[in-house]
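> Now for the letters of each chain:
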Amino acid sequence: MEEIKAAKNEWLAERGKKKDRDINFETVSGMPVQDLYTPDDIKDFDYMNDLGFPGSYPYTRGVQSNMYRGRLWTMRQFAGFATAEESNQRYKYLLEKGQTGLSVAFDMPTIMGYDSDHPRSLGEVGRVGVAIDSLEDMETLFRDIPLDKVSTSMTTNAPAAVLWCLYIATGEKQGVPSEKLTGTIQNDILKEYIAQKSWIFPPEPSMRLITNIFEYAAKHVPKWNTVSISGYHIREAGSTAVQELAFTLADGFAYVEAGIEAGLNVDDFAPRLSFFFNSHIDFFEEIAKYRAARRIWARRMKEKYGAKNPKSLLLRFHTQTAGCSLTAQQPENNIVRTAYEAMAAVLGGTQSLHTNSMDEVLALPTEKAVQIALRTQQILAYETGVANVIDPLAGSYYVEALTNKMEEEAEKYFEEIERRGGVLAAIDQNFFQQEIADAAYQYQRAIDKKQRIQVGVNEFIDPDEELDIEILTIDPEIERRQVQKVQKLRRERNNLLVSDKLDALRQAAMGTENMIPYILDCVRAYATEGEIIQTLREVFGEYKEKPTF
Amino acid sequence: MAKKIRVLVAKPGLDGHDRGARVIARALRDAGMEVVYTGLHQTPEQIVEAAIQEDVDIVGLSILSGAHMTLFPRVCELLKENGADDIIVMGGGTIPEADVKALKEGGYAAEIFTPGTTIETIVEWIHSNTKSS
Chain A
1 MEEIKAAKNE WLAERGKKKD RDINFETVSG MPVQDLYTPD DIKDFDYMND
51 LGFPGSYPYT RGVQSNMYRG RLWTMRQFAG FATAEESNQR YKYLLEKGQT
101 GLSVAFDMPT IMGYDSDHPR SLGEVGRVGV AIDSLEDMET LFRDIPLDKV
151 STSMTTNAPA AVLWCLYIAT GEKQGVPSEK LTGTIQNDIL KEYIAQKSWI
201 FPPEPSMRLI TNIFEYAAKH VPKWNTVSIS GYHIREAGST AVQELAFTLA
251 DGFAYVEAGI EAGLNVDDFA PRLSFFFNSH IDFFEEIAKY RAARRIWARR
301 MKEKYGAKNP KSLLLRFHTQ TAGCSLTAQQ PENNIVRTAY EAMAAVLGGT
351 QSLHTNSMDE VLALPTEKAV QIALRTQQIL AYETGVANVI DPLAGSYYVE
401 ALTNKMEEEA EKYFEEIERR GGVLAAIDQN FFQQEIADAA YQYQRAIDKK
451 QRIQVGVNEF IDPDEELDIE ILTIDPEIER RQVQKVQKLR RERNNLLVSD
501 KLDALRQAAM GTENMIPYIL DCVRAYATEG EIIQTLREVF GEYKEKPTF
Chain B
1 MAKKIRVLVA KPGLDGHDRG ARVIARALRD AGMEVVYTGL HQTPEQIVEA
51 AIQEDVDIVG LSILSGAHMT LFPRVCELLK ENGADDIIVM GGGTIPEADV
101 KALKEGGYAA EIFTPGTTIE TIVEWIHSNT KSS
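Which chain is which? The protein sequence lines are A and B, in order.
My numbering puts the first residue of the first sequence at 1, with every later residue one more than the last.
My numbering puts the first residue of the second sequence at 1, with every later residue one more than the last.
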């Protein structure tokens, strides 16, 4: 160590004479970056305590002992638009091109619990995802896609219980018992209040729905990931990498505590919790973030929540490359950005990956753009060799120092959240929302002032740029068709049965029973998503955002 | 002293992406304007009512959900119905170039700022398009 120190001083003297470029050397999140990292920066590093082996505590190096040598990550492109028919075609297209899992994007009315013919749905049907009103639509969405063969991820939060029940009932129609279903519902309501802001009910009943899902899944849908605790949206709302890490894990701890408070054994539901992170453009910061996340989760689950099952300690995660890092200017550059971000996710040990399409900053992706995005993953997996070695950056002075730094900074946030009375209290105090808004504002300022360079936006601009990529447009006719469909359904189904089942759900919601079996009965009777949510809305009320501006 | 420019920053429709709206709201306030932010999930009716009540010079609509071709015209119609079409409507968000053109040509938006626009550009545009400055 002494010898290194002496040599370092010598180098510093020499290096000090050289002039650096006139920019702030910091990560994309604003953390200062040294010019060089040496053993000095990780002097207390303890291999067994800080790294261990892949598949072993504290899992810094990965959740499986052989990682991608055993099985590559799942290539799971997020897709859905227009109606169930169109999306069903897109899924078949993606499966044909070699995608290995499905990921459903719902439209805004579905996400907010409105049927397609609700006045608030006007102009939004099928725009940013697929419109799903009832079991009829869900059956169409998965027509000729055997649910015992694919795993499906569904991006649904406030109405997650309803969409999940629709999926379970679709399985029943296909003759697939719920025990065989595999997949994930995002079901992360806390991050909705914090960042994504597609809430319906207030936090307390929302948390009850989630613990109801934990309980039902443990008995009847054991292979299902019941929550995908999501940092992705926290980052997209403008947070730093540290905020994404800290707020996401804090949400995770809150779900664990809610489960324990609901009387469940931590090892009964914790193995089914999964995570969802963003992969932004700062390569090393992102890799360090994933490594720190695994280590923090394992330590907390073991030490604080007393989990005994090793599976409860594993932080498994899906990654999506950063939508907010893409630019509308020179959109083809987004292919390159996405490729670097995808590589960071893989070097960080992700279990599943969505690579953004170059045109997502402009509209929903075209088939061509989606194919390039998927090919980006396939090139990464089969040509670059990065999947051959587990956690190849371990031991890098920079990566280890940055991983430690991430953990330290996250711990500071955990203390602050604790001091404020926990996640729900901090949401109520607008703490997260304000921290993220500040970070977003600083980031935009840095770009405006050219303290941060964005190629094609504030530097290397093409003054004569003309957009020459194809854009997917959604025909307004789709909305009309979907509205007709849901109205026809309401005319033709057994409406007496529907109102009976909705009444039973209302009674359950007013009491303390698990609501999932009642929701399942409603969807089997072809009650619409909007009707089920409206029933719950009448019991639980709606969340109102506190003004932060 | 000149009257300050008053701006309503609004999020119509169902999407929850308010990063842009908040950044702009704060930037306009820092640039010396009086800014009201409606919060999320607003109907065109709520927005127009707020705009009239707050007596604003400009309404800035932020939309990422693809519903812009429905929501911009609706806000403009309602402003007109309420005799408030002297209020300038501008917008921002994920809006394809062809739709930007259609909205401007149809008189549903005086200007649309798509991703990558600097705050300074927006501030300058507001200054040169309002009387109050």
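No wet-lab data here; the hints were simulated from the structure.
Because the structure is a prediction, the values reported are computed rather than measured.
Every residue, glycine too, gets a C-beta built ideally from N, C-alpha and C.
One or more hints might be untrue.
[Said to hold, decoys possible] Just so you have them, the derived chain B footprint on chain A, three or more residues with Cβ under 8 Å:
hint	segment
1	47–61
2	228–242
3	323–332
4	335–341
5	354–365
6	466–480
7	492–503
[Claimed, not checked] Some chain A residues well away from chain B (every beta-carbon gap over 12 Å; in silico):
hint	residue
8	R21
9	P177
10	P205
11	N265
12	Y382
13	K449
14	K450
15	Q487
16	K488
> Could you run down the list of hints and mark each one as holding or not?
Against the structure, the hints come out as follows:
no.	hint	result
1	47–61	violated (count 0)
2	228–242	holds (count 3)
3	323–332	holds (count 4)
4	335–341	violated (count 0)
5	354–365	holds (count 4)
6	466–480	holds (count 5)
7	492–503	violated (count 0)
8	R21	23 Å, holds
9	P177	35 Å, holds
10	P205	19 Å, holds
11	N265	34 Å, holds
12	Y382	33 Å, holds
13	K449	9 Å, violated
14	K450	10 Å, violated
15	Q487	19 Å, holds
16	K488	23 Å, holds
In the structure shown, a violation is registered for the earlier hints numbered 1, 4, 7, 13, 14, in ascending order.
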